[in-house]
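Protein chains: 2
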Amino acid sequence: MLNTDLTSNDTLGDIVSSDLSAMQDFIFRSVGNENIKLVIDIISHLIGSGGKKIRPKLVFIICKMLNYSGENRIKVAASVEFIHNATLLHDDVLDESEARHGVQTANKIWGNKSSILTGDLLLTLAFRWLIECKSLDILSILSKASHSLVKGEIKQMATLFNPHTIRKNYFNIIGEKTASLFSACCEAASVISNATNDEIERLKNFGFNFGMAFQIIDDMLDYIADQSTSGKQVGKDFLEGKVTLPAIIAYEKGNSTEQKFWEKCFSSAERSFERALHYINHHNAIQLSIEKARYYVNMAQDNISTFSDSPYKTVLIDFLNSSIERQV
Amino acid sequence: MLNTDLTSNDTLGDIVSSDLSAMQDFIFRSVGNENIKLVIDIISHLIGSGGKKIRPKLVFIICKMLNYSGENRIKVAASVEFIHNATLLHDDVLDESEARHGVQTANKIWGNKSSILTGDLLLTLAFRWLIECKSLDILSILSKASHSLVKGEIKQMATLFNPHTIRKNYFNIIGEKTASLFSACCEAASVISNATNDEIERLKNFGFNFGMAFQIIDDMLDYIADQSTSGKQVGKDFLEGKVTLPAIIAYEKGNSTEQKFWEKCFSSAERSFERALHYINHHNAIQLSIEKARYYVNMAQDNISTFSDSPYKTVLIDFLNSSIERQV
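Protein chains in written order, with this note's numbering: chain A, 612 to 939; chain B, 612 to 939.
These aren't lab readings, by the way, just hints derived from the structure by calculation. Think of the CB as a built atom: it goes at the ideal place given N, C-alpha and C, for glycine as much as any other residue. Be aware that one or more of the hints could be misleading.
Said to hold, decoys possible - Restraint-style ranges between C-beta atoms, simulated for each label pair: (1) R640/A / E851/B: 30 to 38 Å; (2) S883/B / R886/A: 53 to 61 Å; (3) P774/A / T622/B: 26 to 34 Å; (4) T622/B / H656/A: 50 to 58 Å; (5) S628/A / R937/B: 55 to 63 Å; (6) F637/A / S655/B: 39 to 47 Å; (7) Q844/A / T622/B: 56 to 64 Å; (8) R640/A / G681/B: 35 to 43 Å; (9) A769/B / G852/A: 49 to 57 Å; (10) P774/A / K648/B: 16 to 24 Å; (11) F884/B / N773/A: 48 to 56 Å; (12) E812/A / G681/B: 30 to 38 Å.
What the hints assert, rightly or not - Keeping only pairs whose Cα atoms sit at most 27 Å apart, straight-line, the calculated BS3-like set for lysine-lysine is: (13) K724/A / K864/B; (14) K648/A / K766/B; (15) K719/B / K719/A; (16) K755/A / K755/B; (17) K724/B / K853/A; (18) K648/A / K719/B; (19) K719/A / K648/B; (20) K724/B / K664/A; (21) K853/B / K755/A; (22) K724/A / K719/B; (23) K648/B / K766/A; (24) K853/B / K663/A.
Stated by the list, open to error - Selected chain B positions facing chain A (in silico; Cβ < 7 Å): (25) I665; (26) D731; (27) T735; (28) F738; (29) I742; (30) L750; (31) S754; (32) S757; (33) I765; (34) I897; (35) R905.
Bound conformation, chain A alone:
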C-alpha cells in the first residue's frame, strides 16, 4: 500500500533525516558496546565524514513509499552502510588512498592494519544485525550482494586487457561492484515492507539501474572532477590502471596510435593523464558517458512507472536524477 502523507514541498533530506539519525544512533550504540576506542574512532570518522549515505537513503525512502516504519528498516540501513564502508576501508588500503570526500582516509590516520581489521569488523557486524531481522530472505539478498561486490572488485583487479571484451567486462564489473548493492538495498527495503513480488522485482531492477548510472558518473568524474569541490583526486582511477567508460569510448573511437596508447595504459604502468584527457575530450567521451548514465536512469524510471504517482515517488525519481547531476 502506498504512503501518501507527504506534502509536495518535502525534499529527500526532510524525509529521511530522522531515519538517518535513528540509524546513526543505532550504529553508535552498537559500536559503543564493542568498547574498543580505536574502532569507535574509526567508525565515527567514517560515518561522520560526509559520505553521501545513498544506500541507507534508498532503504528509507522506499520503506516510506511502501508505508513501512518497523524497526528492521534501521538495521537493514545500518547494515548496507557498514557493508559499503567495509569495502571503502579495504579499497583505501588497496589503492593507498590518502583522502576521500576531501577528508583523510582511515588508513592514512590509523594505518593499514586498523583499516583491514575494522573493515572485517564492519562486515561481521552488518551480518549480525541482518540476522537479528530474522528473515532468511533479507540475509540472502544482502549476502549475495556482498559476494557480488567483492567479486566485482577482484575482477576489476585481475581482468586482463582484451579489446573484444573490454566494454562487456566494464559493465559486468560495475554491475557486480556497485549496482548489486544498490539493487539489494531496494529489494531488501521492499521485502521488509511486504511489497508484492511484482513490486519487489521492479524496485530491485530500479536499484540496479540506479547503481549503474551512479558508477558511470563516478568513473566519469575521475576525468573532470574539481578536487576542491568534490574531494575526488582527479585522474586517480586512471593512474591506478582502472579501465572505465570514458577511456573505453576513446579507445573504441581512436585511431591505431591512440589505441596503442590506451593498450599501454590498460596493461602496463606507462600512463599519461594529460594525453588520456586529450583523447577523451577529442572523442566527446565525457558527454557519451553521461548519455550512457542517462540511459540507465531512464531504465530505472521505467522500472517504477507502474507505481502510482505520489510525492514519495517524485522524491525517489529526483534522487535518481541527482545521481547524474552531481558535479556535471
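Fit chain B to the given chain A structure using the hints.
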C-alpha cells in the same frame, strides 16, 4: 542419540577422511562457479597447503558422535574453514608473513591486494553457505564467532601494555580470536545434529576450552618450535610484539631488570629474542604454559564427561589431547 557403529581401532583420520573429501569437493565446486582463475588458484593453495583443518574435523567428529549425516554438516564445515582461512589471509598481510606451515603465504605469491579481497570473498561465501542451511540459530552462532574473532584480532593489535591487566587481557584475546570459533564449530555441529540443550551447552564449552588449549600451545611454540618440522618461524610472534603466555609468565616472575626488559618488548620495537628466551627458560615458562594448556584440556574433558563412553567420544578426546602434544 549417540552413534556407536565404530570399531575401537578407527582413528580420527579414518573417521573424517570421507567427510573432508566431500567438503573439499563442495568447496571446489562452489569456487569453480566463481570462474575467476586468481581466486581458484589462491583457494587451491590454501585448502591444499597442508593446514590442519581442525575446525571442520571438529564439526565432522561431533556430527558423527551425535549420529547426524545430513548435508548441512558439509556446508557448516566448509564455512568454518573459510572463515578461518579469511582471517589467515588478512593476518598474513598484516604480519607481512612469507610462510605458513612451511609453504609460501598467498600474499607472498599473489600480493596483498589479492589476499585482502580473497579474504573478503571467503567470508561472504561462508555466509552464503550458512544461509543455505536455513537455520537462524546456525547463522547466529557463526556470525557471533566471526565477530569475536575479529574483535580479538583488533584487541591484540590495539591493547596497550598494562602490568595489572596483562594476563586477563591475554586470556580474553585468545578466547575471542581462537576459542570462540572452536566453540562455535562444536555448538553448530551439535545444533544441526539435533542435540539436547544440555548437550549443546556442554559441547560449546568443550570447544571453547579446546580452543584455549590450542592457542596457548600455538603461542608457546613460537619460542621453541623447530622451523624445519613445524614450518613456524621461531620468534615471529615475539618480534611482532605479540604478548603471549610464556612472556607473561616470565614477566610476572622476573626481577625489576627483567620486567623493564619485558615492558620495552611489549611497548616498543626494542626486542631481543635471545634474551627473552633466556628469561623464559630460566622461569620455566614453557612448562608452565603447557600446564595451563593442560588445565583447559582437563576442563574440556570434564565438559563432555556426561556423554556415554563410545569409540567416537574416545576419538574426540584423543583429538583434544593431540592439541597439546604437537611438537612438545
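Verification of the hints:
Distance hint check: the CB atoms of R640/A and E851/B are about 34 Å apart, consistent with the given range 30 to 38 Å. Under the hint 53 to 61 Å, the C-beta atoms of S883/B and R886/A, about 54 Å apart, fit the expected range. Between P774/A and T622/B, the C-beta spacing of about 56 Å breaks the proposed range 26 to 34 Å. Look at T622/B against H656/A: about 52 Å separates their beta carbons, and that is inside 50 to 58 Å.
In this structure the hint that S628/A and R937/B lie 55 to 63 Å apart at CB holds, the actual value being about 58 Å. Between F637/A and S655/B the Cβ separation comes to about 41 Å, which falls inside the hinted range of 39 to 47 Å. At about 59 Å, the beta-carbon gap between Q844/A and T622/B stays in the expected band of 56 to 64 Å. Under the hint 35 to 43 Å, the C-beta atoms of R640/A and G681/B, about 38 Å apart, fit the expected range.
Checked against the hint of 49 to 57 Å, the C-beta distance between A769/B and G852/A comes to roughly 34 Å, which is inconsistent with it. Range check, P774/A to K648/B: Cβ separation about 20 Å, and the 16 to 24 Å hint holds. Between F884/B and N773/A the beta carbons are some 50 Å apart, a value that agrees with the proposed interval 48 to 56 Å. A hinted range of 30 to 38 Å holds for the C-beta pair E812/A and G681/B, which are about 33 Å apart.
At most 27 Å may separate the alpha-carbon atoms for a hinted pair to count; K724/A and K864/B exceed this at roughly 32 Å. A threshold of 27 Å between alpha carbons decides the hint, and for K648/A with K766/B the separation of about 10 Å falls inside it, so the pair holds. For the suggested pair K719/B and K719/A, the alpha carbons sit about 23 Å apart, so the restraint of at most 27 Å is met. Our distance criterion of 27 Å between C-alpha atoms is met by K755/A and K755/B, whose separation comes to about 20 Å.
Only pairs whose Cα atoms come within 27 Å are accepted, and K724/B paired with K853/A is accepted, the gap being roughly 14 Å. In summary, the hint linking K648/A to K719/B is not supported, as the alpha carbons are separated by about 32 Å, beyond the 27 Å threshold. Restraint check for K719/A and K648/B: the C-alpha separation of about 32 Å exceeds 27 Å, so the hint is violated. Annotation: proposed proximity of K724/B to K664/A holds, straight-line Cα distance about 26 Å (limit 27 Å).
A hinted pair counts as satisfied when its Cα atoms are at most 27 Å apart, and K853/B with K755/A does not qualify at roughly 36 Å. With a CA separation close to 17 Å, the supplied pair K724/A and K719/B stays within the 27 Å bound. A threshold of 27 Å between alpha carbons decides the hint, and for K648/B with K766/A the separation of about 10 Å falls inside it, so the pair holds. For the given pair, K853/B sits about 39 Å from K663/A by alpha-carbon distance, which is inconsistent with the 27 Å threshold.
The beta carbon of I665/B is not positioned within 7 Å of any beta carbon in chain A (closest approach about 21 Å), and the interface hint is therefore violated. For D731/B, the interface hint holds, since its Cβ comes within 7 Å of a Cβ in chain A; the closest pair sits about 5 Å apart. For T735/B, the shortest C-beta to C-beta distance to chain A is roughly 4 Å, which falls under 7 Å, so the interface hint holds. Because the smallest distance between the Cβ of F738/B and any Cβ of chain A comes to about 5 Å, under 7 Å, the interface hint for this residue holds.
A least Cβ separation of about 5 Å between I742/B and chain A falls short of the 7 Å threshold, and the interface hint therefore holds. The beta carbon of L750/B is positioned within 7 Å of a beta carbon in chain A (closest approach about 5 Å), and the interface hint is therefore held. With a cut of 7 Å, the hint placing S754/B at the interface with chain A holds, because the nearest CB-to-CB distance is about 5 Å. Look at S757/B: its Cβ gets to within about 5 Å of chain A, closer than 7 Å, so that hint holds up.
Proximity of I765/B to chain A holds as hinted, the smallest CB-CB distance being about 5 Å (cut-off 7 Å). For I897/B, the interface hint is violated, since its Cβ never comes within 7 Å of a Cβ in chain A; the closest pair sits about 29 Å apart. For R905/B, the interface hint is violated, since its Cβ never comes within 7 Å of a Cβ in chain A; the closest pair sits about 31 Å apart.
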